[in-house]
Amino acid sequence: MEVFSFLADGIFLALQPVNLALILIGVTVGLFIGAMPGLGSVNGVAILLPITFLVPPASAIIFLAAIYYGAMYGGAISSVTLGIPGASTAVATTFDGRPLALQGRASLALVTAALASFVGGTVATVFFTLFAPLLASVALNFGPPEIFALMLLAFATFVGLGGDDIPKTIFSICFGLVLATVGFDTISGAPRLVLFDIQGFIRGIGFIVLAIGVYGIGEMLWTIEQTRGEITTTNPKMTAKGLASDAKEAVQRGWKGTWIGSILGFFVGVLPAAGATPGSLMSYGVAKIISKTPHEYGNGSPDGVAAPEAANNSASTGAMLPMLTLGIPGSPTTAILLGGMVIWGLTPGPRLFLDESEFVWGLIGSFYVSNVAAVLINLAFIPLFVWMLRMPFTILAPLIFVLSIIGGFAASRSMHDLWMIVIFGLGAFFLRKFDYPLAPAVLAIVLGPIAEPTLRQSLLLSSGDPSIFFIRPIAGPITVIAIILILLPALKLLRRNGRVS
Amino acid sequence: MRQGEISLVGVLALFSIYLMWKSAELPIGYIPGQGPGGGFWPFWLSLGMLLSCVRIAWNWSRGKSPASASDQPLMDAFGWRTVMLVGGGVVGFVALVPIVSMYGAVCLFMLYYLRFLGRHSWPLTLGLALMLPFALFFFFEGAMQISMPQGLPFTQPFFDLMYDIIY
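Sequences listed follow chains R and L, in order. Numbers in the numbering used here are just positions in the first sequence, counted from 1, shifted up by 10. Numbers in the numbering used here are just positions in the second sequence, counted from 1, shifted up by 5.
The set of hints was computed from the structure by calculation and includes no laboratory data. Among the hints, a few may not be true.
[Stated by the list, open to error] Take a look, some chain L residues computed to stay more than 12 Å from chain R by CB distance:
1. 30
2. 76
3. 110
4. 125
5. 127
6. 161
7. 164
8. 168
9. 169
10. 172
[Unchecked claim] Derived DEER-like restraints, expressed as beta-carbon distance ranges:
11. 197(R) to 140(L): 38 to 48 Å
12. 63(L) to 304(R): 23 to 33 Å
13. 172(L) to 354(R): 25 to 35 Å
14. 172(L) to 207(R): 32 to 42 Å
15. 60(R) to 15(L): 50 to 60 Å
16. 96(L) to 487(R): 42 to 52 Å
For every residue, glycine included, the Cβ atom is placed at its ideal position computed from N, Cα and C.
Only chain L is shown next, with the shape it has when bound in the complex:
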């Protein structure tokens, strides 16, 4: 935890410097007749972020925060595995959206989570994984008239059929 905290502060400090540099692409001072420049607000706030990082690092060096006083690892093997499986599942879900459409990705994600992470029975898994996308389709496309990504062309027959139902 101790090493993790200072590493994170380092990353955040670098990000703050990047934001300061990026903000300075627009004027950061007062322009007579025009008021503060476009970079004024983000630049000084990024400086605030950087100064906060310096203070957090100072507290770390004195062992003031719980993480800086802890010799425990950030996560054990079980924690890493859980985060990789669940977080990886969410990343996979979003990656699948432009390929199999939003509703296809919902179906596959539910299948993955319920069956492989939740260890639920196949009837429950299939029931939820198939019913949820339909319910979401009728809510978003039918009631709210919000179109979701339709994926690659091979999903089109499904959407043609569904649009015939709602229109």
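One chain only, chain R, in its complex shape:
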């Protein structure tokens, strides 16, 4: 009961006029920053951090958390309307959000994303309220072998995303993972894979470079070439009645993905070093695996939008947990929030809940209020985002190219990366012509920097014995499930081939 009393105080604090105004501004700013390709919550939080010194610490963290929430909602907007995942957390949203937009159901995709995000955020906040200290101690038991097993599980779920051509899917995964190793060896510090000795590669290849190249340039070229210049833009009409009908359909067709994403996303988000991206990818994969209609995934399934969106919001709240209770940031954004807390004179760690209970419960209360504010503001702006899709394609296409290039530069500040975006875009166009699935490569470049160091640290712990992934109580079952999932499509294919012959 004590928890509910603290929570009521926290919500009351979040509803104070100053804090409420900060939540509304933060969510709106975050929504638009998140919707811009190349910019994400980390940019918004980093840029607006100095402003927070003008208000008390509790209001400051509420403001930053509201930006974080808004940006998580906003990530889906560019995935659906432009087909470019603006942040790694929204990659999986593109798989079904973009096909829905191309079918003239952009409003359904955006409403599904908003509602799923709301449920994901709320479920995670409830878990956070009830089990914060317990979950933090469980998360501490996740060492390198467990995190690597989790990454293996994430890869396993997206072996099935690449369609039937397994060699091409495996090529795509390996390619993405190799690209992630370009730059420096993070353990020895030695330069590694500086391709053709071009110095620009020393900085590595960021996820956003490959994602913008593949989705912003390659996919657009493919669409223009396939439709032979006669692109029929969708003509979605937005009315209050239409929005209500989409909301009803989103609930009916996206509830399963929403619940999978909400629960799985939170538990993956809680783990240090995992975060919202693996959470959203795994939720998409799991939702597809257990769906009765997996063939609808990738062709515009509301469940395929709901699962990653619920998961990335849920995981964002989950990622706050190790930050507050252990002082371990689970994502770049929470790392900046952690920095802010230290500057405000707060010490994250197990004693924070005791020593600064007003601050902590004010923050938890603001999660609830921010979530409600974010879903209402997001729904209010959906007609504006859908209106963008009513533009003639010959106006929309150059706008997408411009946003891709300028967003790519904003993310990396390097001309080398701009050229890489163009090269990846042209390469992706030709690979797509020959049915190479490119989503696994984009996902692999995101997860590679987590997977490699944890694999190497695990093998160092076991003196090179790979059985470490099987004998530890948490890593073992996860590894076995991952291996079964990897082998499942191959076995299905063999069985089908056997039947055909």
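Following the hints, put chain L in place on chain R, whose structure we already have.
Then chain L, alone, in the frame of chain R:
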């Protein structure tokens, strides 16, 4: 399509071998006391890429993939023309950034695409091509405080004027 697929597999296989060779500049095996070497992860993944290429080529030889069973050309003249004009436009856009600044390149690219590819009217073309760079300038330089490339020195008076407005 059939010839294109095997040519692409050949290029990708060569690239995989290059990546294996490049990865081997760092140790690719297990170093006692230090764990797997720096080249371990990329080397074995590049080998995975190469083996995938071998399997794709095997499937091609048996006509298993749609492209390997197709006698159609990769693209017809219209397709090539479209890709050259649009893809070439994007390449030109990026090439212009260090010369006329990011905002200048946005303006010229919009002008090219809207007027010459989209066949839109001059008022619409000029309106969008001139307004978009200003909007992007205020968003990136003003609100987000992210500086974009400013091109050669001749663009400086424009930037001096714009910075006077936002600061």
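Which hints, by number, does the structure contradict? 1, 3, 4
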